[in-house]
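Q: Sequences and hints are given; from them, build the entire structure.
Residue-level listing of the chains:
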Amino acid sequence: MRALLLRDLRLAFRAGGGFGLSLAFFLMVAVIVPLGVGPAPATLALIAAGVLWVGALLAALLSLDRIFALDYEDGSLDLLATSPLPLGGVVAMKALAHWLTTGLPLVAASPVLAVLLNLPAQGYFWLLVSLAIGTPALSIIGAFGASLTVGLKRGGLLLGLLVLPLYIPTLIFGAEVVKSGAAGAAIGTPLAALAAITAGAWAGLPLAAAMAIRANLR
Amino acid sequence: MSIWEYANPKKFMETSALALPWLTGLSAAFLGAGLFWGYFLTPDAAKFGSTVKIIYLHVPAAMMAISAWMMMLVASLIWLIRRHHVSALAAKAAAPIGLTFTLIGLVTGAIWGQPMWGTWWAWDPRLTSFLILTLFYFGYIALWQAIEDPDTAADLTAVLCIVGSVFAFLSRYAVLFWNQGLHQGASLSLDKQQNVSDVYWLPLLACIAGFVLLFVTLVLLRTRTEIRARRMAALLARERLA
Numbered sequence: 001m002r003a004l005l006l007r008d009l010r011l012a013f014r015a016g017g018g019f020g021l022s023l024a025f026f027l028m029v030a031v032i033v034p035l036g037v038g039p040a041p042a043t044l045a046l047i048a049a050g051v052l053w054v055g056a057l058l059a060a061l062l063s064l065d066r067i068f069a070l071d072y073e074d075g076s077l078d079l080l081a082t083s084p085l086p087l088g089g090v091v092a093m094k095a096l097a098h099w100l101t102t103g104l105p106l107v108a109a110s111p112v113l114a115v116l117l118n119l120p121a122q123g124y125f126w127l128l129v130s131l132a133i134g135t136p137a138l139s140i141i142g143a144f145g146a147s148l149t150v151g152l153k154r155g156g157l158l159l160g161l162l163v164l165p166l167y168i169p170t171l172i173f174g175a176e177v178v179k180s181g182a183a184g185a186a187i188g189t190p191l192a193a194l195a196a197i198t199a200g201a202w203a204g205l206p207l208a209a210a211m212a213i214r215a216n217l218r
Numbered sequence: 001m002s003i004w005e006y007a008n009p010k011k012f013m014e015t016s017a018l019a020l021p022w023l024t025g026l027s028a029a030f031l032g033a034g035l036f037w038g039y040f041l042t043p044d045a046a047k048f049g050s051t052v053k054i055i056y057l058h059v060p061a062a063m064m065a066i067s068a069w070m071m072m073l074v075a076s077l078i079w080l081i082r083r084h085h086v087s088a089l090a091a092k093a094a095a096p097i098g099l100t101f102t103l104i105g106l107v108t109g110a111i112w113g114q115p116m117w118g119t120w121w122a123w124d125p126r127l128t129s130f131l132i133l134t135l136f137y138f139g140y141i142a143l144w145q146a147i148e149d150p151d152t153a154a155d156l157t158a159v160l161c162i163v164g165s166v167f168a169f170l171s172r173y174a175v176l177f178w179n180q181g182l183h184q185g186a187s188l189s190l191d192k193q194q195n196v197s198d199v200y201w202l203p204l205l206a207c208i209a210g211f212v213l214l215f216v217t218l219v220l221l222r223t224r225t226e227i228r229a230r231r232m233a234a235l236l237a238r239e240r241l242a
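Top line first, the protein sequences correspond to chains W and B.
So the first sequence is numbered by the numbering used here: it starts at 1 and just counts up by one.
So the second sequence is numbered by the numbering used here: it starts at 1 and just counts up by one.
Think of the hints as simulated: they come from the structure by calculation, not from any bench.
For clarity, every value in this text was computed on a predicted model and none was experimentally measured.
Idealized CB from N, CA, C, for every residue including glycine.
Incorrect hints may have been included.
To be verified - In silico SDA-like cross-links for lysine to any residue, where the CA-CA straight-line distance does not exceed 20 angstroms:
1. Lys53(B) to Met70(B)
2. Lys11(B) to Glu226(B)
3. Lys153(W) to Trp117(B)
4. Lys11(B) to Ile141(B)
5. Lys153(W) to Gln145(B)
6. Lys153(W) to Ala153(B)
7. Lys153(W) to Thr152(B)
8. Lys153(W) to Pro150(B)
9. Lys153(W) to Arg230(B)
10. Lys11(B) to Ala234(B)
11. Lys153(W) to Ile141(B)
12. Lys153(W) to Asp151(B)
13. Lys53(B) to Trp4(B)
14. Lys53(B) to Ala33(B)
15. Lys53(B) to Pro43(B)
16. Lys153(W) to Glu148(B)
17. Lys11(B) to Arg228(B)
18. Lys11(B) to Pro21(B)
19. Lys53(B) to Ile208(B)
20. Lys10(B) to Glu226(B)
21. Lys53(B) to Asn8(B)
22. Lys10(B) to Pro150(B)
23. Lys153(W) to Trp144(B)
24. Lys11(B) to Arg230(B)
To be verified - To give an idea of the chain B side of the interface with chain W (calculated C-beta under 10 angstroms), a few residues:
25. Met71
26. Leu73
27. Trp112
28. Asp155
Unchecked claim - Not everything, but these chain B residues come out facing chain W in the computed CB check (under 10 angstroms):
29. Gly118
30. Trp120
31. Leu135
32. Phe136
33. Phe138
34. Ala142
35. Gln145
36. Asp151
37. Ala153
38. Leu156
39. Thr157
40. Val163
A: In structure tokens, the structure reads:
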């Protein structure tokens with residue numbers, strides 16, 4: 001399993017593209033939104049939490065089809081499916097690699113972008129916390145979506161249609177944590193719900209994704 | 001005699017052919033009677049005027065939109081566990097019907113909301129969760145359309161339906177948390193105290209029965225179509241081989 005994780009990480013780093021791209025996309029969202037809605041600091045402060053979370057969602061979505069597509073094309077996915085590793089574990093490792101290469105840098109970059117969007121000072125800590133807890137859920141839900149569309153030639157658009165509705169609870173609770181945190185209100189409930197979604201998704205979805213991959217490889 | 005008998009497509013076709021005319025007649029009768037009774041024979045409500053009458057389309061459509069997804073969930077589970085093709089095809093057949101009911105619910109709600117709330121749309125929890133349900137229907141139908149191999153498509157959509165149900169349920173509670181509501185509470189419940197008064201309730205029950213029957217009729221009809229399409233595909237494939 002560790003070998004698989006390291007292999008995926010190495011591929012992501014060396015092949016270029018995926019690693020920096022979603023981070024750059026996240027940056028683009030944070031730059032484009034103020035250009036669209038105007039530079040008034042009060043407006044930006046109001047929407048900063050939501051925009052950052054939506055940006056994280058879209059940045060994660062952008063890199064999803066890379067999780068399985070290349071391995072499916074060159075046949076490594078068949079080898080992985082017939083290897084002694086449980087397929088659910090393979091999915092979990094691939095999702096973890098996806099999170100380490102896209103989610104984690106995004107979490108690290110988010111405070112810088114929050115400056116651009118004039119997030120209130122109290123919100124920074126909660127932005128980091130909510131993204132750190134929430135983005136792993138985005139990766140595993142996305143891996144599930146990618147496992148459904150892996151056999152398709154042009155699955156990209158369909159992937160968005162399938163995955164974005166599944167992202168809704170994560171988005172709502174994640175943005176709520178930042179909003180309440182920035183306003184200095186209690187954040188216990190949304191934070192707990194966010195953590196519960198992440199934990200539940202990591203527990204259940206690798207199995208569902210494994211089932212979908214088996215159906216696709218058959 | 002067990003229900004699994006109907007997993008046999010031939011048996012299913014025979015039985016559904018017998019049942020369809022009756023179901024069609026019954027749903028037409030219930031819908032016709034319920035809607036006529038509701039629209040022409042009930043008084044206007046004190047606060048809402050005659051706009052209250054949209055309840056006879058809105059409430060049954062909304063109920064069936066959710067019930068249709070539940071039916072798809074059960075059919076998907078049966079397909080995954082017992083591999084009955086009729087079950088997978090029934091789930092496929094139900095999706096566009098459920099989507100239509102969802103859209104009817106949203107549109108009638110908007111038409112009612114404009115004079116009553118002064119807006120076509122509000123980000124109210126119920127409205128929002130219904131919109132999200134629409135998205136789930138779109139995704140489900142799109143996945144069926146996208147995959148060529150019928151068995152793979154059935155497997156993948158079944159898995160999506162199960163996972164989607166969990167997340168649709170989560171979304172429902174997430175949006176409750178996210179915004180306060182404008183929509184009124186339940187107008188039907190077994191607790192008699194909370195019900196709307198009998199004058200409106202009885203025709204509403206008739207309409208709900210009509211919508212349930214309509215749904216069953218349409219699902220049977222569409223499943224029969226799917227089975228015939230599957231048979232056609234098999235025949236064509238055989239001809240190509242010969």
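Q: Which constraints among the numbered hints does this structure fail? Numbers only, ascending.
A: The structure conflicts with hints 1, 3, 4, 9, 13, 21, 25, 26, 27, 29, 30, although it agrees with all the remaining ones.
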